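A.B. asks: Line order of the protein sequences matches chains A and B.
Numbered per the numbering used here, the first sequence spans residues 7 to 474.
Numbered per the numbering used here, the second sequence spans residues 37 to 292.
None of these hints come from the bench; they were simulated from the model.
Just so we're clear, the structure is a prediction, and the values are computed from it rather than from any experiment.
Hints are not guaranteed to be accurate.
Covered, in the sense of this in silico footprint (three residues per stretch, anywhere, with C-beta under 8 Å from a C-beta of chain B), are these stretches of chain A [as the list claims (entries may be wrong)]: (1) 14-28; (2) 38-48.
The calculated DSBU-like cross-link candidates involving lysine-lysine, where the alpha carbons are at most 35 Å apart (straight line), are [unchecked claim]: (3) A/Lys440 <-> B/Lys234; (4) A/Lys443 <-> A/Lys271; (5) A/Lys409 <-> A/Lys172; (6) B/Lys57 <-> B/Lys234; (7) A/Lys30 <-> B/Lys258; (8) A/Lys11 <-> B/Lys115; (9) B/Lys114 <-> B/Lys57; (10) B/Lys58 <-> B/Lys213; (11) B/Lys186 <-> A/Lys22; (12) B/Lys186 <-> A/Lys49; (13) A/Lys30 <-> B/Lys213; (14) B/Lys258 <-> A/Lys295; (15) A/Lys275 <-> A/Lys295; (16) B/Lys244 <-> A/Lys440.
Backbone N, C-alpha and C fix where the C-beta goes; we use that ideal spot for every residue, glycine too.
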Amino acid sequence: MKTNKILNTSNDLRWKIGEGFHDKLTEGIYADAANIAQNSVHKKGNKKRFRFDRSLDKIVTSRLWGFPIMIAILSIVLWLTIIGANYPSGLLADLLIGNAYPWLKSITESFPWWLSGFLVDGVYLALAWVIAVMLPPMAIFFPLFTLLEDFGYLPRVAFNLDHLFKKSGAHGKQALTMSMGFGCNAAGVIATRIIDSPRERLIAIITNNFSLCNGRWPTQILIASIFIGALVPQSFAGAISTLAVIGIALLGIAFTFLVSLFLSKTMLKGEVSSFTLELPPYRPPRFWKTIYTSIIDRTLIVLWRACLFAAPAGAVIWLISNVTIGDSNIANWMILHLDGFGLLLGLNGVILLAYIVAIPANEIVIPTILMLTVMSASIAGVGEGNGVMFELESVSATGDILKAGGWTLLTAVNIMLFSLLHNPCSTTIYTIYKETKSIKWTTVASVLPIILGFIVCFIVAQVWRILA
Amino acid sequence: MQTLTNSACEGCDLNQASNLKKLGVNINNNDFVVALAGNPNTGKSTVFNALTGLRQHTGNWPGKTVTRAEGGYSYNDKKYKLVDLPGTYSLLSTSQDEEIARNFILFGKPDVTIIVVDASRLERNLNLVLQILEITDKAVLCLNLMDEAKRLDIEINERTLAKDLGIPVVPTSARFKEGIPELLNTVHQVASGEIICKPHRIKSVPKKINKAIEKLRLEIEKAFPNVPNSRWIALRLLDGDQRIIEAIKTGEFITE
Chain A
7 MKTNKILNTS NDLRWKIGEG FHDKLTEGIY ADAANIAQNS VHKKGNKKRF RFDRSLDKIV
67 TSRLWGFPIM IAILSIVLWL TIIGANYPSG LLADLLIGNA YPWLKSITES FPWWLSGFLV
127 DGVYLALAWV IAVMLPPMAI FFPLFTLLED FGYLPRVAFN LDHLFKKSGA HGKQALTMSM
187 GFGCNAAGVI ATRIIDSPRE RLIAIITNNF SLCNGRWPTQ ILIASIFIGA LVPQSFAGAI
247 STLAVIGIAL LGIAFTFLVS LFLSKTMLKG EVSSFTLELP PYRPPRFWKT IYTSIIDRTL
307 IVLWRACLFA APAGAVIWLI SNVTIGDSNI ANWMILHLDG FGLLLGLNGV ILLAYIVAIP
367 ANEIVIPTIL MLTVMSASIA GVGEGNGVMF ELESVSATGD ILKAGGWTLL TAVNIMLFSL
427 LHNPCSTTIY TIYKETKSIK WTTVASVLPI ILGFIVCFIV AQVWRILA
Chain B
37 MQTLTNSACE GCDLNQASNL KKLGVNINNN DFVVALAGNP NTGKSTVFNA LTGLRQHTGN
97 WPGKTVTRAE GGYSYNDKKY KLVDLPGTYS LLSTSQDEEI ARNFILFGKP DVTIIVVDAS
157 RLERNLNLVL QILEITDKAV LCLNLMDEAK RLDIEINERT LAKDLGIPVV PTSARFKEGI
217 PELLNTVHQV ASGEIICKPH RIKSVPKKIN KAIEKLRLEI EKAFPNVPNS RWIALRLLDG
277 DQRIIEAIKT GEFITE
């Protein structure tokens with residue numbers, strides 16, 4: 007009863023005070039803050055640094071230069087990643103697959119064939135592949151991204167993209183969550199908590215998947231190097247592959263806007279809310295500390311997660327290609343049935359099956375595709391047997407396998423598109439459920455991108471075939 | 037990079053931080069709970085890392101921390117649990133990150149709240165400081181990014197500031213581990229009751245409103261004698277804050 011009395015009194019008083027309580031209180035707080043600051047803060051004349059910040063902001067957030075600078079920075083980061091990751095990747099593959107794998111094979115020789123197959127050919131090779139392919143690009147990409155973050159560039163990106171998001175009926179802060187998504191979509195989904203309005207937050211969650219995550223960067227980079235880079239002379243290959251990957255990343259951003267617009271006109275109608283974004287001061291990043299923490303915090307943690315998912319997936323792949331129904335193994339049977347639909351999309355059954363197996367982690371899509379391709383096309387002289395993931399000495403050897411598996415430039419383009427437009431990984435799906443607590447929106451977020459992927463791949467394949 | 041002893045100074049007995057044991061995520065059986073609050077991008081996570089030895093990722097953009105991060109440290113034989121709250125500009129609105137911060141300070145009843153502010157943008161940061169001081173009595177102002185303030189030739193008289201706010205003020209440059217020993221000691225003193233704070237209350241509001249706040253405050257205190265922040269609750273009730281109205285109904289404030 008006491009509580010009721012309090013609530014009644016507060017209601018009465020609220021009526022008496024009338025409108026504007028909130029504003030008056032806020033004004034009061036500001037007035038007090040100004041008073042206190044005046045008593046203790048003493049600014050001396052020199053304001054040079056402020057001017058530097060401002061003039062830099064004028065350039066990087068200008069209408070004319072904002073976008074070109076953003077794209078240029080993204081290109082430089084990607085180019086360094088693509089160029090820089092090549093050599094250490096080969097080295098790691100040599101070490102883990104060239105040397106360690108035969109050694110493991112020899113010490114498990116006394117095991118029954120299915121056990122050594124399951125453990126070494128299945129689990130170990132999947133792990134080795136993920137480490138060799140993913141570690142080098144991540145160890146370059148993440149520190150570079152973190153340096154930009156520490157410098158204070160991200161909020162400027164948000165500022166530049168704000169009016170585009172507004173036009174799409176979404177929240178300007180979505181630019182920040184989108185940027186987080188370029189590292190990891192699950193992290194991007196959690197980051198949407200900075201968005202106040204539930205409507206705009208849902209839009210940000212659903213569209214986060216259109217930011218290429220680190221599990222998908224290596225796929226894009228590898229396919230671009232094999233198929234797109236090969237279209238031009240060797241000396242331009244790196245630049246052209248980079249451009250192709252940037253194209254896909256920008257397409258992802260375009261889809262973010264389009265789908266946001268679509269959602270805000272259909273399922274998630276409402277007003278766009280405004281917000282204040284503080285452009286923080288530029289701070290010189292602490293270089294070594296940043297390198298260290300981003301390698302420990304991000305690279306290794308993400309790699310660990312990838313390994314956690316890759317190991318069982320490797321086991322599953324080995325199993326489906328060694329367990330037989332009738333006269334064919336499960337993998338072949340599934341590939342056969344998926345092939346028709348796959349070809350319609352300019353893909354093939356192998357790719358679709360790889361995406362089903364790789365729902366837990368996008369990272370293992372490429373090794374899975376390679377392995378299944380070799381198995382189903384029965385390419386002689388490569389690989390070690392059914393369900394064995396392997397590493398080839400060079401990017402061009404990987405390309406030869408894929409071409410032998412019936413891949414064309416269209417397949418490559420479409421797999422790059424499909425890698426951008428498909429369901430989020432299981433971690434992200436689970437995170438979306440935890441954040442929205444809604445099965446409906448989790449389903450929308452999972453299914454919408456893959457439907458888009460089907461549509462886009464289908465259109466590209468049909469147009470391509472008409473033109474070719 | 038963050039080993040226990042980086043230099044001869046950190047291991048020295050004369051250095052108060054030598055009593056510091058970074059406990060990482062080991063936060064069982066803590067004696068005190070300490071909250072880290074402040075505007076976005078003022079270096080809360082850096083302070084958090086300096087105290088706990090954890091490596092919570094820090095970044096130069098507002099809204100980096102959206103969840104509560106927890107860690108522990110022990111100082112002078114007392115164990116502290118440190119909670120890194122999301123950075124917010126105010127506690128008066130309703131986005132989820134602001135609510136996490138507000139609810140923790142209000143309902144989590146930390147023994148000390150460290151309010152981290154950007155020394156080079158003090159006035160803007162004070163808005164949040166004043167709101168936090170309406171909620172809690174036990175607070176320490178961590179005047180962070182002093183290096184940046186110095187670079188910009190901004191001088192701050194810590195004594196006047198401490199007097200005006202009614203809480204201890206510790207200047208720090210957490211990125212360079214400067215001022216952390218002093219911060220630890222001050223938090224210890226506030227937690228153990230050696231320093232009693234007399235926090236500033238918002239003054240510049242019209243008389244009519246002040247009267248209403250006062251009237252409601254007395255009533256709340258009559259109903260819940262132990263509640264430490266009756267004035268804040270009164271403020272929020274008058275603003276029609278649903279979460280607080282709910283809390284009054286369920287009696288969430290009574291539990292000590």
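A.B. asks: Now, for every hint given, state plainly whether the structure supports it.
C.D. replies: So, going through the hints one by one against the coordinates:
By the rule of at least three residues with a Cβ nearer than 8 Å to a Cβ of chain B, the coverage given for the region 14-28 of chain A holds, with 8 such residues. Restraint check on the region 38-48 of chain A versus chain B: 10 residues with Cβ-Cβ distances below 8 Å, three needed, restraint holds. Straight-line distance between C-alpha atoms of A/Lys440 and B/Lys234 comes to about 41 Å, which puts the hinted pair past the 35 Å bound. For the hint pairing A/Lys443 with A/Lys271, the CA-to-CA distance comes to about 23 Å; that is within 35 Å, so the pair holds.
For the proposed pair A/Lys409 and A/Lys172, the alpha carbon gap of about 44 Å is over 35 Å, so the pair is violated. This hinted pair checks out: B/Lys57 and B/Lys234 have alpha carbons roughly 30 Å apart, not beyond 35 Å. Under the criterion of a C-alpha separation no larger than 35 Å, the hint pairing A/Lys30 with B/Lys258 is consistent with the structure, at around 27 Å. Among the hinted pairs, A/Lys11 with B/Lys115 is inconsistent with the structure: their alpha-carbon atoms are about 41 Å apart, more than 35 Å.
Distance restraint check for B/Lys114 and B/Lys57: the Cα-Cα separation of roughly 10 Å lies within the 35 Å cut-off, and the hinted pair is therefore satisfied. Under the criterion of a C-alpha separation no larger than 35 Å, the hint pairing B/Lys58 with B/Lys213 is consistent with the structure, at around 14 Å. At roughly 48 Å between alpha-carbon atoms, B/Lys186 and A/Lys22 are farther apart than 35 Å, so this suggested pair is violated. Annotation: proposed proximity of B/Lys186 to A/Lys49 holds, straight-line Cα distance about 10 Å (limit 35 Å).
Restraint check for A/Lys30 and B/Lys213: not satisfied, since their Cα atoms lie roughly 40 Å apart, outside the 35 Å limit. Simply put, B/Lys258 and A/Lys295 have alpha-carbon atoms about 53 Å apart, too far for the 35 Å limit, and the pair is violated. Among the hinted pairs, A/Lys275 with A/Lys295 is inconsistent with the structure: their alpha-carbon atoms are about 44 Å apart, more than 35 Å. About 45 Å separates the Cα atoms of B/Lys244 and A/Lys440, which puts this hinted pair outside 35 Å; it is violated.
The structure is inconsistent with the numbered hints 3, 5, 8, 11, 13, 14, 15, 16, although it conforms to all the rest.
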